[in-house]
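Asker: Listed below, chain by chain, are the residues.
There are 2 protein chains.
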Amino acid sequence: MSGEEAPTLQPEQEKKLDDPPLDASQAPQESGSSPAAEEKPLSFRSLVLTGYGGYDKVKLQVKTQKQPQLEAGEVLVHVKACGLNFAELLGRQGLYELLPAPPVTMGMEGSGVIEAVGEDVKDRKVGDRVIVLSRSGMWQEMVVVSANLTFPMPEQMSFEEGAAIPVNYLTAYMMLFEMANVRPGKSVLIHMAAGGVGFAVTQLCQTVPDVTVFGTASAPKHETIAQGGVTHPIDYRTKDYVEEIRKISPKGVDIVLDPLGGSDTQKGFSLLKPLGTLIVFGAANCVTGQKKNLLAMAKTWYNQLSLNTLKLMQSNKAVCGFHLGYITDEQLISRTMFKLLELYGQGKIKPRIDSCYHFEEVTDAFRRMHERQNIGKIILLPEAKKEEEKPKSSPEPIENVEKTEAAVNDKKEETTEEVKAED
Amino acid sequence: MSGEEAPTLQPEQEKKLDDPPLDASQAPQESGSSPAAEEKPLSFRSLVLTGYGGYDKVKLQVKTQKQPQLEAGEVLVHVKACGLNFAELLGRQGLYELLPAPPVTMGMEGSGVIEAVGEDVKDRKVGDRVIVLSRSGMWQEMVVVSANLTFPMPEQMSFEEGAAIPVNYLTAYMMLFEMANVRPGKSVLIHMAAGGVGFAVTQLCQTVPDVTVFGTASAPKHETIAQGGVTHPIDYRTKDYVEEIRKISPKGVDIVLDPLGGSDTQKGFSLLKPLGTLIVFGAANCVTGQKKNLLAMAKTWYNQLSLNTLKLMQSNKAVCGFHLGYITDEQLISRTMFKLLELYGQGKIKPRIDSCYHFEEVTDAFRRMHERQNIGKIILLPEAKKEEEKPKSSPEPIENVEKTEAAVNDKKEETTEEVKAED
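Taken in order, these protein sequences are the chains called E and L.
For the record, in the first sequence the residue sitting at position 103 is 103 according to full-length UniProt numbering, with numbers rising by one throughout.
For the record, in the second sequence the residue sitting at position 276 is 276 according to full-length UniProt numbering, with numbers rising by one throughout.
Just to be clear, a hint being listed does not mean it is correct.
Intra- or inter-copy, both count: the list cannot distinguish identical chains.
As the list claims (entries may be wrong) - Think about it this way: if two alpha-carbon atoms lie no more than 27 Å apart in a straight line, the pair counts; the simulated DSSO-like pairs of lysine-lysine are: (1) Lys239 with Lys273; (2) Lys57 with Lys40; (3) Lys292 with Lys311; (4) Lys66 with Lys348.
Simulated from the structure, these hints should not be mistaken for laboratory data.
Source: prediction; values computed, not measured.
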């Protein structure tokens, strides 16, 4: 439902990566391998969605299994940071149709260091720092992915920044430059302007001269988003954003980027200037509480914009849908990622990191996003939290490991230890 | 219904120009005037739609009235050539919602020479050759229009070319560059590729490197449209154009420009690549016979593409409507016209004139467009046909004038003579 998602893969690769990336026991034994790491068993931390529902459905487990046998074109990555996206809030509630059924590891983006490469991998080598994009399965310490969906990190980029780029910036870039054709003198409305996509959109708009950005966010975030480049921050909680925008620009705006859905889509459509473009890229309005809310879903669905082409003609408007998860063209993704890395190199984009949470603290991370407290990207860190990092408000020991031995998948030769998340 | 229409005007000017442009008796007598032509009565030929229906509803009349009193900002133009658009086929059948009720003079574009200027007209003078855009009323020898909607003609441009530019090229330009963002490497499907918009689209696509144009037209037109720049002409009468396009480009096309409506819109949507754009700019499928066909309309309406935003998200597609008649931003129109004139000056665009018909022959002009015989633009000439130009197949005398004296509008001090059209 949300556009903040990782791409699907080319059909021939889809089947394999529908499974969690690291799935060594299922890899054909005769294919390419990483000779140095053949025998030592691999133990790694993984966040597993055990069923649909509230925060407690995501469990930290420690998995132990044989070294993965890499297929041609694959790499093994030691993950250092992962991104949290709105799609995972939907996924946890069972509202994200591209996520495989539980038990499953969520996570569509991350960064890390290559630990092993399969055959036919020419432009990646062990030790390379890379950004990784995947349909799911990134929220674990070790992943096996297609080398085509790894991207070299510039030297000055931190792992946190690397993990914050793919989903938000690909979404923002494709919407602004592939679909909406933002140009000098245009105006853009972005909702949730203090979120990951919001910052990405704002920064990318600044690469074009004379673009006006209207951004909705709650009042305490206004100073930060204005510093980031939002021309007109609007407090959607206390004001009618349609009225506020009309006061500043009576004719409306050229581009509306809508991650909300429902009645906000209709408002966005009404705000468009002639020849303007509305892009719906999410349905955040579906999410209210921790668990699936049928009433909110029905309301969002009922209020969703339905159009016929006659109405569009009479208004001279464009309506688009965008969902990175359904983009299957790897070349397009790759080309766009390299453009983004170039812009990063030029200092034109830089992800704003709101906060970092260790896997043990995933509940806090979810809550922070759910309650819209974040200003920028929320990052998850696979590495265990050190004692001295422990926040004062959280007195209980971190490594409260509930040791269980359970196969997550009966085909796998692995053991799983469940780690109690701090809560 | 069709996008091949002239723009509406700014609200404050709309009321005035809803009436036929030449309407001197209604102009306030105290405002600016053209001193030299104050007293001599004005006599001019005009095509008048007398009611909705077949070809016979458009009558050639000779009107006589006092010299018009120009308001500030207005000019009087002696029209030398007018464009015929699909919108007038719809208008004649009562299917064009922006046309005032009969009796009314249709015609949304033309070219001619300025005969008088009102007060505050600074950049136009008597004797200037201009292109004119109007909501309606251009199919007559003399028109009063806002100087803002006249555009200076380059020296090398013929009146026929001037009359062929506004509606088709504004439509093509705004669709390709404002809405669809055509760029190098993209592919475009245009239906009715041998029509006025078809040639305009094809020529404008060639201003961008490496754009592939798929164009539907009947087989006898293929050579001409291929010479004009259509990469892949497709005979929609004998082949399934969807299959033909998929054979050449299995992934589909980036941009579909659809003047047809109904089931063709659905086919166009299905042909779009991810991140592709469909623009519906007409409903030519509504028109079958000479008169309104309720069945064809119902079918076109029933089959029209209806969409919700969820479906758009899952397909990553854009759907737009375009209708020049509803563009009210004069600055946008003016800016775009000057771009087009620049492209003309650079030799990058040049309207292809299919044929020219004198006002007496308007029925033949309608029939030619209705039967899709034209390759390029059909032009109407206000000037009476000379004896030697008479086609051999039409032996009856041309100036068979049925003299009647009737006020077209009871407010007007004018006489009207009806001229029998050749048929």
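Asker: Against this structure, judge whether each hint is valid.
Answerer: Outcome of the hint check:
1. Taking the shortest Cα distances, Lys239 and Lys273 sit within 27 Å of each other inside one copy (21 Å), while across copies they are farther apart (39 Å).
2. For the homomeric pair Lys57 and Lys40, neither the shortest alpha-carbon distance inside one copy (31 Å) nor that between copies (90 Å) is at most 27 Å.
3. Taking the shortest Cα distances, Lys292 and Lys311 sit within 27 Å of each other only across copies (21 Å), while inside one copy they are farther apart (34 Å).
4. With identical chains, the CA atoms of Lys66 and Lys348 are never at most 27 Å apart, being 43 Å at best within one copy and 65 Å at best between copies.
The structure does not agree with the numbered hints 2 and 4 stated previously, though it agrees with the rest.
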